[in-house]
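Visitor: Sequence:
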Amino acid sequence: MMQLSKQATRATSRASALRNSTVPRPACRTVAVRAIDDVKPVSATPPPMMPPPVATPLPVMPHAAKAVGFSDVMAFSGIGPELINGRLAMIGFVAALGAELSSGESVLTQWASEPIYIAGAFLLVIAGSLIPFLQGNKNTESLGALTPSAEMTNGRAAMIGFAALLAVEFASSGKALF
Numbered sequence: 000m001m002q003l004s005k006q007a008t009r010a011t012s013r014a015s016a017l018r019n020s021t022v023p024r025p026a027c028r029t030v031a032v033r034a035i036d037d038v039k040p041v042s043a044t045p046p047p048m049m050p051p052p053v054a055t056p057l058p059v060m061p062h063a064a065k066a067v068g069f070s071d072v073m074a075f076s077g078i079g080p081e082l083i084n085g086r087l088a089m090i091g092f093v094a095a096l097g098a099e100l101s102s103g104e105s106v107l108t109q110w111a112s113e114p115i116y117i118a119g120a121f122l123l124v125i126a127g128s129l130i131p132f133l134q135g136n137k138n139t140e141s142l143g144a145l146t147p148s149a150e151m152t153n154g155r156a157a158m159i160g161f162a163a164l165l166a167v168e169f170a171s172s173g174k175a176l177f
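0 is the number of the first residue of the sequence shown in numbering that gives the first Met the number 0; add one for each residue after it.
Be a bit skeptical, because a hint or two may be false.
[As the list claims (entries may be wrong)] Here are the simulated distance ranges between beta carbons: (1) 163 <-> 111: 34 to 40 Å; (2) 166 <-> 114: 17 to 23 Å; (3) 111 <-> 156: 23 to 29 Å; (4) 152 <-> 96: 16 to 22 Å; (5) 142 <-> 81: 16 to 22 Å; (6) 169 <-> 119: 35 to 41 Å; (7) 50 <-> 149: 46 to 52 Å; (8) 150 <-> 69: 20 to 26 Å.
Please keep in mind that the hints were generated in silico from the structure rather than gathered at the bench. Even for Gly, the Cβ is constructed at its ideal location relative to N, Cα and C.
Kindly produce the complete structure, drawing on both the sequences and the hints.
Guide: Here you go:
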């Protein structure tokens with residue numbers, strides 16, 4: 000506190016010495032102001048008051064879900080494993096049964112004849128299922144009778160049907176079911 004008052008005293012004594020000295024001061028600068036010709040007359044009535052802005056809450060976007068990691072989606076209790084396997088089983092069961100009915104070849108013979116195309120189709124289904132899950136989509140949308148629970152039930156039935164188709168073909172020494 001003492002140090003502060005000494006500095007204040009020195010500053011005031013310097014300022015008063017400069018005011019009283021005969022040392023010439025620098026010239027003052029002047030500012031010129033121009034008038035504008037198109038000045039509008041001021042009306043006696045004030046402008047109408049605008050209502051204050053109302054704070055509106057931001058809408059919640061359905062696609063703005065939090066993205067999750069691969070390990071979250073593919074965890075034991077995650078949404079990915081059963082749903083992706085069910086989708087693959089539905090496509091595989093229908094394709095294998097249809098090809099077996101039309102060509103008379105077993106599932107393993109079909110796989111051996113076109114492994115690249117079948118693996119490519121599987122990879123496309125896996126990628127098409129994983130990307131929305133990784134972006135945070137929880138597969139809750141319905142389209143008429145196509146509901147998430149119906150997809151899960153049909154996937155489970157297709158997994159059992161595809162496993163039964165393989166078991167029957169294996170028991171019959173690799174011959175086609177039909």
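Visitor: Run every hint past the structure and note whether it holds.
Guide: Quick rundown of the hints versus the structure:
Range check, residue 163 to residue 111: about 21 Å between beta-carbon atoms, so the 34 to 40 Å window is missed. Between residue 166 and residue 114 the beta carbon distance is about 21 Å. The supplied range of 17 to 23 Å therefore holds. Between residue 111 and residue 156 the CB atoms are about 26 Å apart, so this pair conforms to the stated range of 23 to 29 Å. Under the hint 16 to 22 Å, the C-beta atoms of residue 152 and residue 96, about 19 Å apart, fit the expected range.
For residue 142 and residue 81, the Cβ-Cβ distance of about 20 Å falls inside the hinted range of 16 to 22 Å, so the restraint holds. In this structure the hint that residue 169 and residue 119 lie 35 to 41 Å apart at CB is violated, the actual value being about 25 Å. About 50 Å separates the C-beta atoms of residue 50 and residue 149, a value consistent with the hinted range of 46 to 52 Å. The hinted range of 20 to 26 Å is satisfied by residue 150 and residue 69, whose Cβ atoms lie roughly 21 Å apart.
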